[in-house]
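Construct the entire structure; sequences and hints are all you get.
No gaps in the numbering here: position 80 of the sequence shown is 80 in full-length UniProt numbering, and each next residue is one more.
Possibly wrong hints are sitting among the right ones.
Unchecked claim - Simulated restraints, written as ranges between beta carbons of each label pair: (1) Glu-43 - Arg-23: 27 to 35 Å; (2) Ala-53 - Glu-22: 47 to 55 Å; (3) Pro-46 - Ile-10: 55 to 63 Å; (4) Gln-38 - Glu-13: 31 to 39 Å; (5) Met-26 - Arg-55: 52 to 60 Å; (6) Ser-12 - Arg-54: 25 to 33 Å; (7) Leu-11 - Gln-38: 39 to 47 Å; (8) Arg-23 - Arg-55: 57 to 65 Å; (9) Gly-57 - Glu-35: 29 to 37 Å; (10) Glu-43 - Glu-22: 53 to 61 Å; (11) Glu-14 - Glu-44: 48 to 56 Å; (12) Glu-15 - Glu-49: 56 to 64 Å; (13) Ser-12 - Arg-34: 27 to 35 Å.
Rather than coming from a laboratory, the hints here were simulated on the basis of the structure. Every residue, glycine too, gets a C-beta built ideally from N, C-alpha and C.
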Amino acid sequence: MNAQKQMSEILSEEELERMKEERESMDGIQQMRREYLQARREEEAPSSEELEARRRGPEYDPRRMPMKNPDPRVTPHYKDVERQYASLPR
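Set out below in structure tokens:
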């Protein structure tokens, strides 16, 4: 009987130790979560103008700028292109 009592005391001590470790682990997780949320709050949020500029991309992009006065002799028209393909052998 005495052995069973000692065994239950040992188990309860082991269980208490395990519970203490779990609690410390949970406290550590909660602490990291608080620090993370604090850092997010302190981080400055971008303004709406900055977000809009990011979405739009660069103001001046030569690839997206239309040509001001294209030379009609250089630019093939649809009918010309169609005529070129029609003249090719099949």
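A quick look at each hint next to the structure:
no. : hint                        : verdict
1   : Glu-43 - Arg-23: 27 to 35 Å : holds, 31 Å
2   : Ala-53 - Glu-22: 47 to 55 Å : holds, 48 Å
3   : Pro-46 - Ile-10: 55 to 63 Å : holds, 58 Å
4   : Gln-38 - Glu-13: 31 to 39 Å : holds, 37 Å
5   : Met-26 - Arg-55: 52 to 60 Å : violated, 41 Å
6   : Ser-12 - Arg-54: 25 to 33 Å : violated, 59 Å
7   : Leu-11 - Gln-38: 39 to 47 Å : holds, 40 Å
8   : Arg-23 - Arg-55: 57 to 65 Å : violated, 46 Å
9   : Gly-57 - Glu-35: 29 to 37 Å : holds, 35 Å
10  : Glu-43 - Glu-22: 53 to 61 Å : violated, 32 Å
11  : Glu-14 - Glu-44: 48 to 56 Å : holds, 49 Å
12  : Glu-15 - Glu-49: 56 to 64 Å : holds, 59 Å
13  : Ser-12 - Arg-34: 27 to 35 Å : holds, 32 Å
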